[in-house]
Every structure is written in C-alpha cells, then in structure tokens.
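Chemist: Sequence:
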Amino acid sequence: MAGRYDGDVLAGDWRRRKVTPEVDAEPDLVVEDADSGFCGAVVGFDSGAVVLEDRHGRRRNFPLLPAAFLLDGKPVTLRRPVRVPVPAARRRTASGSIAVDGVRAQVAKASRIWVEGVHDAALVERIWGDDLRIEGVVVEPLDGIDALADEVRAFGPGPGHRLGVLVDHLVPGSKESRIVARVNSPHVLVTGHPYVDVWQAVRPAALGIAAWPVVPPGQPWKEGVCAALGVGEPADMWRHILSRVDSFADVETPLINAMERLIDFVTEPG
Numbered sequence: 001m002a003g004r005y006d007g008d009v010l011a012g013d014w015r016r017r018k019v020t021p022e023v024d025a026e027p028d029l030v031v032e033d034a035d036s037g038f039c040g041a042v043v044g045f046d047s048g049a050v051v052l053e054d055r056h057g058r059r060r061n062f063p064l065l066p067a068a069f070l071l072d073g074k075p076v077t078l079r080r081p082v083r084v085p086v087p088a089a090r091r092r093t094a095s096g097s098i099a100v101d102g103v104r105a106q107v108a109k110a111s112r113i114w115v116e117g118v119h120d121a122a123l124v125e126r127i128w129g130d131d132l133r134i135e136g137v138v139v140e141p142l143d144g145i146d147a148l149a150d151e152v153r154a155f156g157p158g159p160g161h162r163l164g165v166l167v168d169h170l171v172p173g174s175k176e177s178r179i180v181a182r183v184n185s186p187h188v189l190v191t192g193h194p195y196v197d198v199w200q201a202v203r204p205a206a207l208g209i210a211a212w213p214v215v216p217p218g219q220p221w222k223e224g225v226c227a228a229l230g231v232g233e234p235a236d237m238w239r240h241i242l243s244r245v246d247s248f249a250d251v252e253t254p255l256i257n258a259m260e261r262l263i264d265f266v267t268e269p270g
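Residue numbering for the sequence shown is 1 to 270, as defined by the UniProt record's numbering.
These aren't lab readings, by the way, just hints derived from the structure by calculation.
Backbone N, C-alpha and C define an ideal beta-carbon position, used for all residues, glycine too.
Check before you lean on any hint, since a few could be wrong.
To be verified - EDC-like cross-link-like pairs, simulated, lysine to aspartate or glutamate; straight-line CA separation at most 20 Å:
hint : residue 1 : residue 2
1    : K109      : E268
2    : K175      : D146
3    : K109      : E125
4    : K175      : D143
5    : K74       : E22
To be verified - Listed next, with one range per pair, are the computed distances between beta-carbon atoms:
hint : residue 1 : residue 2 : range
6    : F45       : A67       : 15 to 23 Å
7    : K109      : A249      : 27 to 35 Å
8    : S243      : F45       : 44 to 52 Å
Put together the whole structure using the sequences plus the hints.
Modeler: Encoded structure:
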C-alpha cells in the first residue's frame with residue numbers, strides 16, 4: 001500500500017479540469033470513434049446508438065458514450081439532437097376562415113339567412129356551414145322568391161332579428177331585381193349573384209368541363225344542361241355537382257362576396 005496516496009490528490013488547479021464538449025449528432029457530421037478509429041458521417045440512430053458511414057459505404061453503430069468520439073482530432077460527446085416540434089398549420093374551414101377548435105355550435109339566433117331553394121342551402125352548408133354554426137345562424141330554403149315581400153313582413157325583421165336573403169340571377173332588369181326592389185327594411189339585406197341558377201355558381205373546372213353549356217331561351221335551364229352534358233336527371237347532376245365542391249375555391253367570386261356580406265350583416269352586433 002506504500003505510495004498509493006503519495007502526494008496531495010487535491011493539489012494543483014483541480015477546478016479547471018477539462019470538460020468534454022457535447023455536440024449534436026446532426027446528419028453528415030463527420031467524426032471518429034476514439035476506440036476503433038472508425039471514421040464516418042452520421043447517417044442516423046439505431047437503438048440509442050449513432051450510425052456512422054465511412055467513405056466506402058460501410059456502416060457501424062456506436063453507443064453515445066462520454067468522450068467516445070473525436071471531432072477535428074478533439075474528444076467530444078455526441079448527443080442525439082432534440083427536435084423542436086413544428087407547429088401544425090392552422091386549419092381552415094371550407095370558406096377559408098381559420099377554424100376554431102373545441103368550440104360548440106351556438107344556439108340558433110333570431111337572425112336568419114334565406115336562400116331560394118334546397119340546392120342553394122346545400123351549397124351554402126358545404127362551404128360556410130362551420131362558420132354559420134359557430135355564429136349560431138340558421139340558413140332556411142325558400143320555395144322561390146315570388147312572395148318575398150310578404151314573407152319578409154311575416155318574419156318581422158328588426159334589431160337583433162335581422163334577415164339576409166341570397167337571390168339567384170340578381171341582375172338589373174330581371175324579374176328577381178323587381179321582386180327585391182319591393183323589400184326596403186333596414187334590417188333586411190338582399191344580395192345575389194348573376195347566375196341563372198346556383199349550379200352555375202360552381203366553377204366549371206371543378207366539374208371537369210370547359211364551361212357551362214349555353215341553353216337556348218325558352219328551354220328549362222337545368223334540363224338543358226343535363227341534355228348537353230349527357231346526364232339523365234337533374235337530381236343526378238346535382239349530386240355530381242355537390243360532390244365536386246370542397247371549398248370556396250370551387251365556386252365563383254360573386255357567390256362568395258354575396259354570402260360573406262350576408263353573414264357579416266346578420267351577425268353584426270345590434
């Protein structure tokens with residue numbers, strides 16, 4: 001045992017002992033295994049060990065032990081890089097709005113949006129349904145707008161009880177424009193699009209056609225479209241149209257603008 005403890009083990013500047021630096025084992029980092037002399041680039045990890053590949057394509061696994069590697073001739077401790085999670089992209093609704101997760105649909109408010117028929121209602125639901133449920137706004141289909149003025153009076157619009165109406169083929173000089181002119185309540189907003197039917201507000205590209213067929217005057221428009229496209233029944237054509245609409249990008253801008261105005265109007269405070 002003589003000489004085992006010769007000298008003072010605490011003598012010297014023991015506080016300045018060298019600390020082996022830690023280095024992230026990033027892909028393509030070239031290091032050398034201190035024991036074997038194997039030199040290679042980091043290509044991955046396997047069961048807690050780093051995988052090195054040398055210039056001949058040979059691969060070996062080495063445990064991530066302290067000071068087990070040489071980088072530029074100096075000892076280092078390799079560590080597996082910590083990957084910072086990438087935030088998920090913000091989900092958007094079919095209308096393009098930022099989706100609000102974890103929010104239940106509100107109880108229906110007194111204000112309403114009316115559309116001309118069930119096809120209009122289905123298309124609006126397809127694109128703006130998420131937004132309207134969060135706002136608590138119900139969309140109701142009418143059976144045409146010939147009696148619009150009477151139905152508006154029966155609804156009794158007022159503050160907090162607003163009404164928005166989406167009208168097909170709302171262009172100057174049309175029958176629709178004359179009907180709408182008889183509605184003058186400040187608590188009612190009527191907007192529309194220029195298309196003969198809401199079908200036509202769907203972009204042709206979404207259906208894989210170059211353009212909507214031109215239907216001669218005096219011929220029922222939907223039946224004329226079906227005949228031109230080789231579809232037997234309007235119901236079959238409508239199912240096909242609706243199945244090809246996934247978002248606002250599949251419909252024409254006038255419809256988008258009209259619906260956004262109506263939603264803003266019926267959800268405006270007061």
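Chemist: The structure should be examined with respect to each hint, and the outcome stated for every one.
Modeler: Consistency of the hints with the structure:
no. : hint                     : verdict
1   : K109 to E268             : 12 Å, holds
2   : K175 to D146             : 9 Å, holds
3   : K109 to E125             : 17 Å, holds
4   : K175 to D143             : 16 Å, holds
5   : K74 to E22               : 12 Å, holds
6   : F45 to A67: 15 to 23 Å   : 19 Å, holds
7   : K109 to A249: 27 to 35 Å : 28 Å, holds
8   : S243 to F45: 44 to 52 Å  : 46 Å, holds
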